[in-house]
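Trainee: Residues per chain, in single letters:
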Amino acid sequence: MKDNIVIVGGGIAGMEAARQLLKLGYNPIIVEKSDRLGGHVAQWHCLFPDMTPAKDVVSSLIEATGRANIFLNTEISFMNRLKDSYNIMLTNGVSVIAKVVLVTTGFSVFDAGKKEEYGYGVYDQVMTNSDLEHWFNDGNDDRIDGSEMNAIGFVHCVGSRDEKARNPQCSKVCCITAVKQAIEIKKRFPDAMVYCFYMDLRMFGKKYEDFYIAAQRDYGVRFIRGRVSEVSENIEGKVIVKAEDTLAGKPVKVTLDLLVLMAGMVCNPDCSTLAGMVSLQTDSDGFFKSRDNIADITSSSRDGIYYAGACTGPKTVPETLAEARSAALEIHSYINRL
Amino acid sequence: MTMENIFGFSISPSSTVNLDNVDLTLFNRLHELEPDAWKCMSCGSCTATCPAGNFSGMSLRKVLHALQRGKEKDAVKMLRCCMLCGKCSMVCPRGINTRHLILSICKLYKED
Ligand SMILES: Cc1cc2nc3c(=O)[nH]c(=O)nc-3n(C[C@H](O)[C@H](O)[C@H](O)COP(=O)(O)OP(=O)(O)OC[C@H]3O[C@@H](n4cnc5c(N)ncnc54)[C@H](O)[C@@H]3O)c2cc1C
Ligand code: SF4
Ligand code: SF4
Ligand code: SF4
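Order-wise, the sequence lines are chains A and B. Numbering-wise, this note's numbering comes out as the position in the first sequence, counting from 1, plus 379. Numbering-wise, this note's numbering comes out as the position in the second sequence, counting from 1, plus 41.
Hints listed in this document are in silico derivations from the structure and should not be mistaken for laboratory results. A few of these clues could be false.
As the list claims (entries may be wrong) - Quick list of the computed label-pair ranges, beta carbon to beta carbon:
1) A/Gly445 x B/Asn138: 42 to 50 Å
2) A/Asp503 x B/Pro76: 39 to 47 Å
3) B/Val63 x A/Lys632: 33 to 41 Å
4) B/Lys114 x A/Lys629: 36 to 44 Å
5) A/Arg601 x B/Cys126: 27 to 35 Å
Note that the coordinates shown come from a computational prediction; the quantities given were computed from them, not determined experimentally. Each residue gets a CB set at the ideal place from its N, CA and C atoms; glycine is no exception.
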């Protein structure tokens, strides 16, 4: 009989792992909390650095995992350790015995409303990076449709690198996401001024720097080095942004038709619930803690429990997919050792 | 007074920050009192929000930077404009108790 492997989370990490595990002859069971597969990527438009349509990535994964058991709208209600396996009860009443549990519960987008000084949910013309991805996909958002777009600003590090928001860590993907979105906005509104307010630009990945150069040179996106300290709204409903232009050493003020907050990737609050069930460790940033951050990123401290993707920290799509494949292989050799 | 004078940077070669000769004795003492003195990442939030900044050129970011580069006189001169209102403490993303830090700077550096 094929070994069961319970995969918690049907985002790209969970699906890629399921795809590999099917090929290796296992019976992956995907337990997905929401009513659809694909996680966050299913909500994005195009992916940096090549502007691959996100829906292509997701639909090919959905196709490849067609033979897996998939439970939507389902979570783990409890889990306990047997001799060399886990007894898992799902919220839909199904119970499963599995030698391995792969956790792929991903991340949460920081709730931008918590940074009150940025006015999300208060001022009409303030949105988040996620809202903008939705607009790229469905073209439906009053904040953009109802207004003239002459000047648009992006605020980096919203809820990241911020001890006041209790997230000192860098979310890693939002600098390049801002560049991606700034270019996309410029393509749609070529005459608009587009500003990115940043503290440091983290262009760590393959072709990211090219993207940044294109934003500067070919699209005329203006990069201002200074963290936005305050946002207000004038009587016409436009947003006024204040920062220090730290390179000029002078305060700057600009009036914008739209402000986009680059909300960071923070830990999924379910981490602590799941961790509590089988005493897994979480890190100081709230994400799951790997057995080793260099040599053993996909292992937990518990036998038979593995991680892949953004549940251990901010990751890009290619990094997530690579980890999912690596976890599948680790799982395969673990089961062969038992 | 021009910006260059306050800031201590101008194009003339004599204003080069020579890291070989910077005397950080006092700053190290400050660091003992205020472990966060090196934690600033120069984001400018404090300056943008400072009520004294727009008129006097006061910038806590510049003060800390000047101290770290041994430009103590510029820093002390700028600090005179601070009203100790503490607004900067509310915005600092590195969680520095900036008001407390400013008080310690005032105590340590006023001797000379
Ligand atoms: C605005 C934005 C834009 C981005 N753009 C790009 C880009 O262009 N290119 C790129 O490479 N990366 C991009 N990223 C990063 C990308 O979103 C992540 O790399 C990717 O989503 C990680 O996939 P994942 O499967 O690990 O996690 P997720 O996408 O978070 O998926 C996790 C899944 O687990 C489910 N789940 C959560 N908790 C439970 C639970 N308790 N029980 C059951 N199921 C659960 C969730 O419902 C979800 O389906 C972007 C990120 C942001 C924030
Ligand atoms: S990736 Fe960029 S925007 Fe995101 S937290 Fe890090 S520095 Fe800030
Ligand atoms: S405490 Fe001083 S430096 Fe800080 S905001 Fe007030 S006046 Fe400005
Ligand atoms: S707000 Fe804090 S980190 Fe930013 S420049 Fe001021 S002191 Fe430094």
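Trainee: Work down the list of hints and note, for each, if the structure agrees.
Mentor: Structure-based check of each hint:
1. Taking 42 to 50 Å as the suggested C-beta distance range, the pair A/Gly445 and B/Asn138 does not conform, at roughly 57 Å.
2. In this structure the supplied range 39 to 47 Å holds for A/Asp503 paired with B/Pro76, their Cβ-Cβ distance being about 43 Å.
3. One distance hint, 33 to 41 Å for the beta-carbon pair B/Val63 and A/Lys632, holds here, with the actual separation near 34 Å.
4. Judged by the Cβ atoms, the range 36 to 44 Å given for B/Lys114 and A/Lys629 is violated: they are separated by roughly 21 Å.
5. The given range of 27 to 35 Å is respected by A/Arg601 and B/Cys126, whose C-beta atoms sit roughly 32 Å from each other.
The structure fails to meet hints 1, 4 from the earlier list, while all remaining hints are met.
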